[in-house]
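K.L.:
Construct the entire structure; sequences and hints are all you get.
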Amino acid sequence: MTTPSGGEAARPRFLAEHFESMEAQLETSTTGIWLFLASEVLFFGALFTAYGVWRANHHELFHYAQHFLDWRLGALNTLVLISSSLSAAWSVRCAQLGRRRGLLATLALTFALAGVFLVVKYFEYSHKLHHGVTWGASFHASEEILRSLPAAVRALPVPEHMGTFFTLYYLMTGLHGIHVLVGMGLYVWLLRRARRGHFGPGYYGPVDAVALYWHLVDMIWIFLFPLFYLV
Amino acid sequence: MTDHTVPAPGHAAAPHALPARVLLGTAAALFVLTAATVAISRVNLGALNAVAALAIAAVKASLVALFFMHLKYQGRFKAVIFTASVLFAVLLVGFVVFDTTQYQPDIRAAAARAGAPRP
Amino acid sequence: MTTAVSAAEPAAESYLRHGRGLRSWLLTIDHKRIGLMYLGLIAFMLFLGGIFAMVLRMNLWRPAGGLVSNDTYNKLFTLHGAVMVFLFVIPGIPAALGNFVLPLQLGAKDVAFPRVNLLSFWLFALGSALFVATLVAGGVDTGWTLYPPYSLEGSRGLGILLALTGVFVAGFSSILTGLNFIATIHTMRPPGMGWFGLPLFLWALYATAIIQIVATPVLGITVALGFMERLFHLGLFMPEYGGDPVLFQHFFWFYSHPAVYIMILPAMGIVSEVVSVFSRKPIFGYRFIAMSSIAIAVIGFFVWGHHMFVSGQSKWASVVFSFLTMLVAIPSAIKTFNWLATMYKGAIVLRTPMIYVLAFFAIFGIGGLTGLFLGSLATDVPLHDTYFVVAHFHFVMVGAVLTAFMAGLHYWWPKMTGRMYSEASGRLSAVLVLVGFNVTFIPQFLAGVAGMPRRYATYAAAFQTNNRVSTVGAFILAAGLLLAASGLLASLARGRRAPANPWGAASLEWSAASPPSHHNFDRTPTAGDPYDFGGLREVSAEAGWVRAAGGAP
Numbered sequence: 001m002t003t004p005s006g007g008e009a010a011r012p013r014f015l016a017e018h019f020e021s022m023e024a025q026l027e028t029s030t031t032g033i034w035l036f037l038a039s040e041v042l043f044f045g046a047l048f049t050a051y052g053v054w055r056a057n058h059h060e061l062f063h064y065a066q067h068f069l070d071w072r073l074g075a076l077n078t079l080v081l082i083s084s085s086l087s088a089a090w091s092v093r094c095a096q097l098g099r100r101r102g103l104l105a106t107l108a109l110t111f112a113l114a115g116v117f118l119v120v121k122y123f124e125y126s127h128k129l130h131h132g133v134t135w136g137a138s139f140h141a142s143e144e145i146l147r148s149l150p151a152a153v154r155a156l157p158v159p160e161h162m163g164t165f166f167t168l169y170y171l172m173t174g175l176h177g178i179h180v181l182v183g184m185g186l187y188v189w190l191l192r193r194a195r196r197g198h199f200g201p202g203y204y205g206p207v208d209a210v211a212l213y214w215h216l217v218d219m220i221w222i223f224l225f226p227l228f229y230l231v
Numbered sequence: 001m002t003d004h005t006v007p008a009p010g011h012a013a014a015p016h017a018l019p020a021r022v023l024l025g026t027a028a029a030l031f032v033l034t035a036a037t038v039a040i041s042r043v044n045l046g047a048l049n050a051v052a053a054l055a056i057a058a059v060k061a062s063l064v065a066l067f068f069m070h071l072k073y074q075g076r077f078k079a080v081i082f083t084a085s086v087l088f089a090v091l092l093v094g095f096v097v098f099d100t101t102q103y104q105p106d107i108r109a110a111a112a113r114a115g116a117p118r119p
Numbered sequence: 001m002t003t004a005v006s007a008a009e010p011a012a013e014s015y016l017r018h019g020r021g022l023r024s025w026l027l028t029i030d031h032k033r034i035g036l037m038y039l040g041l042i043a044f045m046l047f048l049g050g051i052f053a054m055v056l057r058m059n060l061w062r063p064a065g066g067l068v069s070n071d072t073y074n075k076l077f078t079l080h081g082a083v084m085v086f087l088f089v090i091p092g093i094p095a096a097l098g099n100f101v102l103p104l105q106l107g108a109k110d111v112a113f114p115r116v117n118l119l120s121f122w123l124f125a126l127g128s129a130l131f132v133a134t135l136v137a138g139g140v141d142t143g144w145t146l147y148p149p150y151s152l153e154g155s156r157g158l159g160i161l162l163a164l165t166g167v168f169v170a171g172f173s174s175i176l177t178g179l180n181f182i183a184t185i186h187t188m189r190p191p192g193m194g195w196f197g198l199p200l201f202l203w204a205l206y207a208t209a210i211i212q213i214v215a216t217p218v219l220g221i222t223v224a225l226g227f228m229e230r231l232f233h234l235g236l237f238m239p240e241y242g243g244d245p246v247l248f249q250h251f252f253w254f255y256s257h258p259a260v261y262i263m264i265l266p267a268m269g270i271v272s273e274v275v276s277v278f279s280r281k282p283i284f285g286y287r288f289i290a291m292s293s294i295a296i297a298v299i300g301f302f303v304w305g306h307h308m309f310v311s312g313q314s315k316w317a318s319v320v321f322s323f324l325t326m327l328v329a330i331p332s333a334i335k336t337f338n339w340l341a342t343m344y345k346g347a348i349v350l351r352t353p354m355i356y357v358l359a360f361f362a363i364f365g366i367g368g369l370t371g372l373f374l375g376s377l378a379t380d381v382p383l384h385d386t387y388f389v390v391a392h393f394h395f396v397m398v399g400a401v402l403t404a405f406m407a408g409l410h411y412w413w414p415k416m417t418g419r420m421y422s423e424a425s426g427r428l429s430a431v432l433v434l435v436g437f438n439v440t441f442i443p444q445f446l447a448g449v450a451g452m453p454r455r456y457a458t459y460a461a462a463f464q465t466n467n468r469v470s471t472v473g474a475f476i477l478a479a480g481l482l483l484a485a486s487g488l489l490a491s492l493a494r495g496r497r498a499p500a501n502p503w504g505a506a507s508l509e510w511s512a513a514s515p516p517s518h519h520n521f522d523r524t525p526t527a528g529d530p531y532d533f534g535g536l537r538e539v540s541a542e543a544g545w546v547r548a549a550g551g552a553p
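Residue numbers (the working numbering), protein chains in the order written: chain P, 1 to 231; chain B, 1 to 119; chain L, 1 to 553.
Wrong hints could be hidden among the right ones.
Some chain L residues flagged as far from chain P (calculated, every beta-carbon gap over 10 Å) [as the list claims (entries may be wrong)]: (1) Gly66; (2) Asp110; (3) Arg156; (4) Gly243; (5) Val320; (6) Met343.
Sample of chain P residues facing chain L (criterion: CB under 10 Å; computed from the structure) [said to hold, decoys possible]: (7) Phe19; (8) Thr28; (9) Ala50; (10) Gly136; (11) Leu171.
FYI, nobody ran anything at the bench for these hints, they're computed from the structure. Positions of the beta carbon are idealized from the N, C-alpha and C atoms, including for glycine.
P.N.:
Shown next, in the form of structure tokens:
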């Protein structure tokens with residue numbers, strides 16, 4: 001905790017000791033969050049590289065294995081995340097305009113949509129794990145799920161490296177899912193603070209920062225959805 | 001509970017709040033593009049399918065960055081940070097994928113010579 | 001703060017005395033205390049890695065080895081490398097000296113995110129502890145690069161998992177430090193300090209931070225994938241599960257080559273400060289030095305493949321990487337010539353930091369030029385995996401970084417502790433380090449060219465002279481470092497009190513008290529040209545230097 005600097009009544013409540021003004025503090029925190037997002041881009045960038053390596057060498061694997069994923073669930077989750085992003089952006093607007101009820105509603109909505117996303121993801125994962133659609137060397141798809149593939153796909157030979165496709169799938173959607181989970185935690189934190197009336201036109205940095213993070217999570221899913229479910 | 005009175009900055013309060021129609025319009029565009037990417041993937045274009053999907057995803061991501069993340073309205077530096085990070089990621093993907101497609105035939109040839117199935 | 005308080009005796013409220021007890025240190029968010037805690041931890045890691053090195057050198061006294069078992073030797077050189085790289089050289093200058101100096105040079109009260117800074121320290125401490133724990137868990141013998149398939153074989157247990165986790169955790173510490181530094185430099189510059197008014201050390205830290213933010217996440221994901229590959233057989237890196245070990249190398253060097261610039265850029269920043277102050281001359285070519293730091297950081301990302309010329313990378317990628325590697329030499333040369341031009345016709349004062357910097361020039365010159373041999377595709381192939389490589393990277397990563405670190409440590413020591421160290425022992429230590437270092441590693445260049453492979457516990461009898469000379473050199477180097485440490489520590493008890501500005505430097509940290517108060521400055525100072533020494537004159541050794549016409553104290 002910062003040392004209370006005592007008796008200066010004019011000093012805003014949420015202005016940390018080492019800043020001169022709320023504007024300076026906001027500018028610094030926004031810069032910080034963008035730098036953090038830059039490191040996140042590279043974090044996922046490495047995984048996209050692994051994806052690219054396998055895709056470049058094994059087109060047939062991707063055309064075959066994508067049929068194990070249900071594009072309708074992927075599309076549903078895409079819509080859910082876009083809606084949550086809209087809601088997150090709206091929460092920033094509400095904070096900036098000082099609309100407290102709108103802020104609480106959009107924060108709660110963002111949280112709820114993130115929850116829906118994870119519930120859908122849970123059903124996807126559990127269905128696959130149940131049928132032995134697992135990663136790497138442990139891949140052992142059940143007869144049942146193989147029979148459920150479209151006839152044209154069933155006619156193809158099962159390609160090599162099926163497990164690696166699902167390694168990539170679980171790693172990338174899993175790391176993304178962890179980010180969703182962290183985002184939900186952050187929205188709980190924001191909700192608690194918003195209920196105490198912390199945010200308003202003069203102080204909305206945390207709402208903005210979390211929303212930026214949330215948009216990045218949305219953005220990554222925008223790439224994951226077509227790369228795994230569609231093409 | 002009322003808002004704690006945080007003295008508003010000197011200029012007009014909430015200078016950056018985005019108009020509602022910008023936010024709604026962005027979301028609408030994202031929904032439409034999601035539908036488009038699904039629709040295009042239903043048509044067999046060969047290798048172009050992946051290109052189209054990536055192109056649409058890039059447009060969607062740009063919309064999110066420009067409007068939802070209000071990059072369009074923020075200082076140049078944030079755009080530089082973000083663009084640079086994407087370019088570095090592209091550098092990594094690009095070089096490694098280029099290299100792996102180059103050496104892959106060598107590996108396959110070596111595996112064939114050894115008589116072993118390609119691991 | 002009321003002026004009545006700050007007008008009291010400065011020493012009474014220095015940051016060292018602001019708050020007492022262990023808790024006030026371990027949970028501090030004061031960048032100066034965090035810097036000092038980093039310094040302590042990093043010094044310990046240097047000591048630990050140094051012990052490993054001395055055992056290795058003693059084992060190499062005889063061609064057949066025999067001091068330790070070959071297996072132990074492999075584990076020792078792995079830990080020597082990993083501890084030195086990840087826990088000393090990479091965090092050394094930015095986290096320890098940078099944390100202390102950066103806000104002071106900006107005239108700021110702290111870094112942008114003080115709590116993140118504390119988190120960063122504790123992540124680093126945790127990562128370090130995990131590394132040390134590998135010792136207990138049976139050690140790791142893979143070399144610091146942790147290449148699969150060897151490193152992820154099924155027989156491997158806790159050791160490799162601890163090492164991978166240690167790198168992962170320490171990596172986050174590095175990312176957070178970089179993030180903090182960029183945000184601080186961007187948004188907390190004092191009135192009067194534009195971008196080209198920044199001290200060059202800050203330009204160097206800024207460039208370093210770019211690399212920390214962009215490259216370190218890739219290392220983090222790489223070691224995380226290695227961890228999961230070992231436990232869950234993902235099939236990403238291990239050929240037996242369908243994986244591609246070259247992918248690991250691409251990931252690893254996408255970080256670890258730029259990481260070389262995480263090490264050297266802050267070192268270059270210190271050199272830029274010290275060479276100007278102790279030549280009593282404004283730095284020559286300020287903008288070129290500043291921009292070359294950024295250029296090194298950016299170009300440094302385009303060259304990682306030169307580590308992979310002989311490990312399965314395709315020939316076209318190798319050709320491209322070899323060409324790009326030559327580009328990095330340009331900004332490095334720009335810096336070197338500007339430093340030399342700064343010294344030209346300067347009034348050079350041979351205090352300890354300056355002697356270390358002169359040692360840096362000699363060592364960095366050799367290290368940089370031998371790098372060209374290794375960046376060239378044709379000459380790299382015979383030299384790869386010989387002692388030539390070992391000698392080259394020790395010249396750059398150890399010789400250059402260590403001499404600059406020592407220069408910076410002596411330069412800012414009065415500011416950190418409020419005490420002057422003994423010049424006699426400082427100067428002698430600098431000479432011992434320079435001599436010891438060259439005696440250690442020049443014979444390794446020669447052995448490498450003659451074909452002595454690296455990473456073996458034993459060697460052909462023909463290389464015995466090289467190795468014996470090298471071992472003697474290592475003892476001289478160790479003696480120099482121990483002398484420096486004892487000189488600095490002795491100053492805490494017996495050193496004369498340091499004035500605010502003992503060197504006649506013009507950057508802002510020297511306008512704060514020695515040691516600074518908890519808030520660094522009573523009021524935000526106004527920045528001038530950090531290399532304008534005009535008007536500074538030395539009152540006396542006790543009172544230090546002051547500006548003649550009523551400027552800052």
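K.L.:
Hint by hint, say whether it matches the structure.
P.N.:
Taking the hints in turn, this is what the structure says about them:
Residue-level check passed: glycine 66 (chain L) sits 41 Å from the nearest beta carbon of chain P, beyond 10 Å. For aspartate 110 (chain L), the shortest C-beta to C-beta distance to chain P comes to about 4 Å, within the 10 Å cut-off, and the non-interface label is violated. A cut-off of 10 Å between C-beta atoms confirms that arginine 156 (chain L) is not in contact with chain P; the least separation is 16 Å. With a cut of 10 Å on Cβ distances, glycine 243 (chain L) falls inside the contact zone with chain P, its closest approach being about 7 Å.
With a least CB separation of 17 Å from chain P, valine 320 (chain L) remains clear of the 10 Å interface cut-off, as annotated. For methionine 343 (chain L), the condition that its CB be more than 10 Å from all CB atoms of chain P holds, with the nearest at approximately 36 Å. A hinted interface residue such as phenylalanine 19 (chain P) counts as satisfied when its beta carbon comes closer than 10 Å to some beta carbon of chain L; here the least separation is about 8 Å, so the hint holds. Of the supplied interface hints, the one on threonine 28 (chain P) holds, with its beta-carbon coming within about 4 Å of a beta-carbon of chain L, less than 10 Å.
Residue-level restraint check for alanine 50 (chain P) holds (minimum Cβ-Cβ distance to chain L is 6 Å; threshold 10 Å). Of the supplied interface hints, the one on glycine 136 (chain P) holds, with its beta-carbon coming within about 4 Å of a beta-carbon of chain L, less than 10 Å. Taking 10 Å as the C-beta contact cut-off toward chain L, the hint placing leucine 171 (chain P) at the interface holds, the least distance being around 7 Å.
Hint check: violations occur at hints 2 and 4; the rest are consistent with the structure.
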